[in-house]
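**Student:** Go by the hints and put chain Y onto chain D.
Number of protein chains: 2
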Amino acid sequence: MERSADIPGGKDNAVATTGRHRVVVVGAGFGGLETVHRLAGVPVSITLIDRRNHHLFQPLLYQVATASLATSEIAWPIRHLLSGRREVTTLLASVTGVDVAVRRVLLEDGDALDYDTLVLATGVRHAYFGHDEWEPFAPGLKTLEDATTIRRRLLLAFERAERESDPQRRAALLTFVIVGGGPTGVELAGTIAELARVTLPPDFRNIDTRAARVVLIEAGPRVLAGFAEDLSDYAHRSLERIGVEVVLGRAVSECSADGVIYGGEVLKSNTILWAAGVRASPAAEWLGVPLDRAGRVIVEPDLTVPGRPEVFAIGDTVTIAAPDGQPVPGIAPAAKQQGRYVADVIKTRLRGETSPAPFHYKHAGSLAQIGKRLAVIDFGRIKLRGALAWWIWGIAHIYFLIGVRNRLSVAISWLWNYLRDQRSSRLITQGRSAPEYPKQP
Amino acid sequence: MERSADIPGGKDNAVATTGRHRVVVVGAGFGGLETVHRLAGVPVSITLIDRRNHHLFQPLLYQVATASLATSEIAWPIRHLLSGRREVTTLLASVTGVDVAVRRVLLEDGDALDYDTLVLATGVRHAYFGHDEWEPFAPGLKTLEDATTIRRRLLLAFERAERESDPQRRAALLTFVIVGGGPTGVELAGTIAELARVTLPPDFRNIDTRAARVVLIEAGPRVLAGFAEDLSDYAHRSLERIGVEVVLGRAVSECSADGVIYGGEVLKSNTILWAAGVRASPAAEWLGVPLDRAGRVIVEPDLTVPGRPEVFAIGDTVTIAAPDGQPVPGIAPAAKQQGRYVADVIKTRLRGETSPAPFHYKHAGSLAQIGKRLAVIDFGRIKLRGALAWWIWGIAHIYFLIGVRNRLSVAISWLWNYLRDQRSSRLITQGRSAPEYPKQP
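Residue numbers (full-length UniProt numbering), protein chains in the order written: chain D, 1 to 441; chain Y, 1 to 441.
Chain D with its partners taken away, still in its complex shape (with noise of 0.2 Å):
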């Protein structure tokens, strides 16, 4: 059943009635939203949809999975973002499918949206290389929910170990393993040995959390891939430094209830992480158009699909490699020069002129945290790394927030965490009423 005409941005829509160009942008991350940003004052309608009712700060949802930052801290209402844009609409929908004959976007609900210029922006989540049976085991990092579900799962772990009298449990209890030697995993890996060495020590009475095991676990040569060698070294160093135990080159066979197995060695753990591979969200199949192993469009210089020049797909759900044959990396900067990228090219159609030159990715630096005073950046001539590297990425990272009373409160967070060494957000949720009293036998 399709009801366009029922629905915002269809026909009955009083900005779309005013025959304006029609974008339909579909995720508001960080590509999706800036392409809105960057169309503001252009004479066309946007509907800008989303799963979710809120923008979401990828880069510090590690600090929510390890009770450093609370989910409201990172995460922003979308329509607040645009209120102010009348001719955005926002819509809280699922995306099924896309008919790019009639032009024509098909929601969950069997609604359909009609568009003039698409531009895909659905990201990724993590994938298991075909083992999706591990994903109960080894939960990922990509919403807020995956970050409240970590958090749980690393927080009660040392309370049934606080509980436990078995030695051997109680050691599993005590392990943590992170697979995966990306900025994702590194970062997880160093906050939670930091949560086990200085933050839980003095609240615990049967166990010393400083005994815990913290395991980084790549299968590459080296932690932090994407930055230069002696920065992935100095990481290495660090995260050593700090309790957590790297393991290199090789790769994890195996996740169970049980634990890890590893180049052959079974490690005991109860709490696996997974920050080691991502999958493309299904623009590729909702276009039937050529996609790379991970799932991602390959898409064409100027960004748009094959064959479909009103189709654009931006950010980590596209493929497309740099001036110097370097893939582009899946980060919010490279996504947010897309999105600006894709509204020229917009822009420059609605002037009736040529298109742009191909899209350019120029690359600003990788940053990544490793714990108290512990960073590492790289910008290419510059690298940086310890506690000056760590003041940059803590001031950037502020920087990027959105809005003065998020930047106030992670600025909050964080000097109570610098100073006192503790976490503002160390809750056991369920994100369901918990269970009801047990009824009167």
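Heads up, some of the hints might be wrong.
Copies of the same chain look alike in the list, so a pair counts if it fits in one copy or across any two.
To be verified - Subject to a maximum C-alpha distance of 20 Å in a straight line, what follows is the list of computed SDA-like cross-link-like pairs (lysine to any residue):
#1 Lys383 x Gly182
#2 Lys142 x Ile428
#3 Lys142 x Gln430
What the hints contain is simulated information worked out from the structure, not anything from laboratory work.
The structure presented is a predicted model; accordingly, all values stated were derived computationally and were not measured.
**Tutor:** Positioned in the frame of chain D, the structure of chain Y alone reads:
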């Protein structure tokens, strides 16, 4: 299977083996926590058991439910609050019963815990007057998860209304029913009305959120029955002024997915919130002692359980009359006074002295917020209303929060709310990982 020797507080426990008097406190709400705080410096070994890892500032829970505050702003990890008290062991566990004959608390997982003195401070849950089947349609508000569930339902109702073209269905989505006109009901109704009338209007394109109906249904003759009558009248008029429809003297006879029936009248609504009744935790059933209609333990004047001088019960889970014959209200100050009294009795007994005078409840006052610059305070002789009462209400609540960090954080959230009419936590979260992208067909 009993493994009391295996767990903290059991025979293996380092502190317990010193032969100290063992106090077990069940419940880390206002009452239980106060008991533990007031036993500081007393040569006892204390075990504090709670099903949750956090102490919750329930008086502000409605602000989490209405997106004004973040969960972590009103919750603290219990074991961190007591980290400096080496003689206190915190246990995350569910109690399933008490074996009073052998003085032993039974835990869900088969463990057990011996006590010399037991303090039950297990609180209440919302209750449906024998209509438990209403719960899925009319969630109540007692836990953080209750609050995020209500927040999700509230925000989703507006989101769905924005996409709904059928006028009747849209009206039902924009009708919010609050059952119960006590402080929680009044505070929820007032805050939801302000959300719809002040915060949300600029963010929506297809609906006018100011058209939302907020209906407060109270079976009794007035709202805020615990306050002086002129303050009830003031609250009633204030609610109406900010857009709440107040229905008095009519009980709800049906809650369903379609709405409510009250006094024979049908009101279509997709969002019903329950603030009408509570039922005590099953402490009375654990003990096999007399209980009142709401399941509360009827305690002796010294807050001990009849026939069991070593077992105390305090807070919402008990019923006791104040000197004027009025029942002691189920509010935080009452629970704290009882917690302090019980600590005093324990101290007196340990000194070998006779028990102090019976518990005497001192009512300091009642406070309720209705809306921005609207509150009522009933100090008995002094009655306040309006803006002054609202400022006092705000300052008092910030004062009673724990720790500088949370006070600062709540103050900033409220400041933003006050100055910008914005809510800091407008997040729709599901408490579990988002559904995966649909698989490739």
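**Student:** Please sort lysine 142 with glutamine 430 into within, between, both or neither, judging by C-alpha distance up to 20 Å.
**Tutor:** both (18 Å within a copy, 14 Å between copies)
**Student:** Please work out whether the CA atoms of lysine 383 and glycine 182 approach to 20 Å or closer within one copy, between two copies, in both situations, or in neither?
**Tutor:** The answer is within: 18 Å in one copy meets 20 Å, while 61 Å across copies does not.
**Student:** At most 20 Å between CA atoms: does that hold for lysine 142 and isoleucine 428 within a copy, between copies, both, or neither?
**Tutor:** Close inside one copy (19 Å) and across copies (15 Å); limit 20 Å.
This entry satisfies every hint, going by the numbered hints stated previously.
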